[in-house]
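Student: Using the sequences and the hints, build the whole thing.
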Amino acid sequence: MSVILLGVGTLRPPTASAAVFNVDRFDDPSPVAMACTAAANNCSLRGAIAKANGNGLTDTINVPAGIYTLDFATFDELTISSDLTIQGAGAGTCDGTDTCIQASSSEPGDIGAADNGVFLVTAGMVTIRGVTIRHGVGRFPMSFPLAGGVTVEAGATLDLRDSTITLNRAEFGAGVVNFGTTTVRDTQVIGNPPPASFPSGLALCGGGLANFGSLTLIDSLVGGNAAAFGGGICNLSVPGGGDAALMLTNTEVVENLAVFGGGIYNDVGDLFFSFTSNAESAPGIAPVLGAATVTTNGHTAIGGNLALYDGGGVVNTRFPFFDPTADPIPGDATATFTESLIVENTAACGGGGVFNDGLIIPVFAEENLLFQLVEFIIFNGPHGCGVPVGADSTSAADGIPTFDHPPTLTTTRSDVLGNVAIFGSGVANTGGQASLSDGTINQNGFTPPCLSIGSTVCAQSLPLIMMVIPEFGGGIYNTAGDLTVDRCTVDSNIVELAGGGILNDAGFLLSEVFFPIPPNLLPPATLTLTNSTISRNQADAGAGLENFAASTTATNSTFSGNVAQFDGGGIENDALGEVVLNNVTITNNTAGDGGSSGNGGGIFETSGDDTIVVKNSIIAGNIDAVGDDGSTPDCANPNGTVMSLGYNLIGDATGCPSTFTETGDQAGDSTTPIDPRLAKLANNGGPTKTHRPLSNSPASLAIDGVGMDACKDKNGDPITTDQRGYARPQRNSCDIGAYEVGCGDGVVDDGEECDDGNTTDGDCCSSTCQAEVPGSPYDTDGDGVCDGFESPSGTDDDPMTASYQPPGGPLLVQLKLVSGCDRILNFHFLHESDLPVQDPVLQFPFGLVSFKLCSDSNPRDNDPCDGTCTQATVKITFPNANLTQPGFVYRKFDPTTNMYFNPHGVTLNGNMATFTLTDGGVNDTDHKINGMITDPSGPGTAGTGPRR
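Each residue of the sequence shown is one higher than the one before, counting from 197 in our numbering.
Worth flagging that the hints you see were computed from the coordinates, not collected in a lab.
Do not take every clue at face value.
The following label-pair restraints were derived from C-beta to C-beta distances [unchecked claim]:
hint, residue 1, residue 2, range
1, Asp805, Asn911, 17 to 27 Å
2, Gly577, Asp865, 52 to 62 Å
3, Met321, Gly912, 56 to 66 Å
4, Thr293, Asp355, 17 to 27 Å
5, Phe567, Asn911, 44 to 54 Å
6, Phe575, Asp415, 31 to 41 Å
7, Thr233, His601, 55 to 65 Å
8, Thr868, His601, 47 to 57 Å
9, Thr857, Asn835, 42 to 52 Å
10, Asn928, Gly842, 23 to 33 Å
11, Ser213, Ala269, 34 to 44 Å
It should be emphasised that the depicted structure is a prediction, and the values quoted were computed from it without experimental measurement.
Where a beta carbon is used, it is the ideal one built from N, C-alpha and C, also for glycine.
Tutor: Here it is as structure tokens:
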């Protein structure tokens, strides 16, 4: 007897391998051609998918170039239910040279068009690559919508690459609907729905794509699509649907059209269910919502999109629920933009670039006006802000929606540029939370061109572009919301009425334009402005900032070059508003530029219950162009309250009498204004431009106290840095204004540990940025600090330096005091294009070296030129000798005769020019010694006026 022992696992079935199917026919026959053997004409696309679905393997289907037209008289969508790769020959225009998969030979809306979408992915991990998908029409067969192009169900995964999705139509996501996980790479989603179906065939939400799951776009284009909500992309979390997460990397969302959210619409709520009449939950049972998030990074651009109402580029909001017996369990609506560009978008009402909304859309919805408004606009065109003609908006019976989680907007290292809307051309934050950092909000409010790429969306919207006149908040509009702006530049924005740069409003505009809701029922409006520059904005009032019944706190920030036609060039405060200024610089702003009336070039306080609180700040060098109520260039307070907490520098306080009398206040008047001695607005280090105090500025070391005891805000909290991010204090006390003067040249150069001017000790400022000890040979006045440029007479040490950047590279010029006098101040090296005045006397192809020589008899007072200085010899060293050729000329400006004359005695030695010159003597603070050098960037006209 023999015994056979069998070990477990010794017998194995043969291993199956994934199949490759090669499609060889263009039609969609019935019965399905699914043999897919080597025999000819027996493998259709539908047949290959059906065969792949049945074997449980990760198969590949190769689809050669050609036009594949589906038969929906017999079949539904091409349904994929297992792991599969579909490889086309490339996307294109469906001319036979690319792989074109179409639902019909006719576009949606035409006679004979299809009534089905193209692909439906129900399960598995699927890749579709190198195809064009077009002419599909999405259905609504169950409790969720189907796309005209591709639908991905929950639990399924799609990787869509190198493809084009175009000319499809659906209620949601004409191009793509995603409930699962979808990644779109190197793909165009364009022209959905087709122009022939606009506006009657307009998608409800998501002209290009609608996402209810996780959707990522990389290196892709979403353009020329249209919908009522989210012309390009609609991102929705719905009851029971989990989170909706949209991420865009290096992707363009351009020239899409919608009523709300021309480019992107992001929403937490039951927009989806309320429109489709699907039950959101049983009556009285609280629905559970996931979050809706939009995240962009890697140089994503949202541009040229158009909204017929709000949110030209983006809408981020939370739709309310209609069941009053159930309080929803809320999710968050969040939009985060990093290293992105939001450019030249237009909205007929609010939020040209971005509309972060917790009020307007929800109120419209609760008043049953939202879909009335949408329908009215689609068929009648935009009509600005407000409600449709004939709509009942006499009361807000349900009050203001109360959200535990208001919508949140965050921008980081992003630019909001050239957008247009009636309010909030750049950004509108209504009842939401917005944080903008390390970016720019520039040139919004100017009517943009129509950035047409051949789409009819642009042409149809030309009347919209022509009608939008920006009125409020050119850069940013914040109402009944919480806004933080940090390390940003808000520059060159424009509006017709108020708030060229920023309008901070408690909600009066909303109550007047939309609904008669008492503003006291609205959430407060708060603005926190830090380390930012508000410059060159224009408005009738409040050109830099209009604060209306709201609260603003500005710290370490600069208002410069803003121009108001009437009141408040820098800031206007009105209607119970409060503005707090901590270490703020307000200079070179203009009121009354309209020529008839206007006051308060710096700040304007309007009414009796308003308050502006000022601490450690500079308000000087501003302009009252009219002076109709007397000259009030810096501060005008006809009715309100301006309160000083000390250590302020006010150039002309005539318009705010008896205010700036606290400890440390320096206040001039119309007869003897105080010159703050500030350099022009420039890049002095840090993320934003600043005004650097010149040597012996009255703002320097003006705050009593030692160390951080001198650097505190209104609440007594330490201010540890200046606007640039440099430490406060730099020396033994703090400076007034946004800029803390260091020991060096205002810039941390390569090789420096800090703003030291060099890397060695012995120059009044050590290489570790600590002031030299009193009595140092280089601390000539013995006060322990480097005051401007101090150098013992007769030495050739410690040159001052200046540089500029011509086309050939940076040039560094050194200026040394060889003998005579005590001080060289205000050393500048300017390119001719930077010179503000063209002087016909100086017709030279020159740049300009400018400085002042003087002598200081009392180093401890505020006058550096109160001594006698009759003669000094200086040496200027250029980086190479040819800069002194064909000759070196310098001229002296005589303020008495207002003329220049040539001194003599210039000695040239290679790249050095040494000459002896004379100073005007005691209290000569106006003259300049000017040396002219050949401009290496080419000929031109150089000119100088008296530089102070």
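Student: Give a verdict on every hint.
Tutor: Hints, verified against the model:
1. At about 22 Å, the CB distance of Asp805 to Asn911 agrees with the hint of 17 to 27 Å.
2. Roughly 56 Å separates the CB atoms of Gly577 and Asp865, a value that falls within the hinted 52 to 62 Å.
3. The hint said 56 to 66 Å for the Cβ distance between Met321 and Gly912, and at roughly 59 Å that hint holds.
4. Between Thr293 and Asp355 the beta carbons are some 24 Å apart, a value that agrees with the proposed interval 17 to 27 Å.
5. Checked against the hint of 44 to 54 Å, the pair Phe567 and Asn911 passes, with Cβ atoms roughly 47 Å apart.
6. The supplied range of 31 to 41 Å is met by Phe575 and Asp415, whose beta-carbon atoms lie about 37 Å from each other.
7. Between Thr233 and His601 the C-beta distance comes to about 58 Å, which sits within the given range of 55 to 65 Å.
8. Restraint check, Thr868 to His601: a C-beta distance of roughly 55 Å satisfies the suggested window 47 to 57 Å.
9. At about 20 Å, the CB distance of Thr857 to Asn835 disagrees with the hint of 42 to 52 Å.
10. Remark: the range hint 23 to 33 Å for Asn928 to Gly842 is contradicted by a beta-carbon distance near 19 Å.
11. Take Ser213 and Ala269: their Cβ atoms lie about 36 Å apart, and the range 34 to 44 Å holds.
Checked against the numbered hints given earlier, this structure breaks hints 9, 10; the rest are met.
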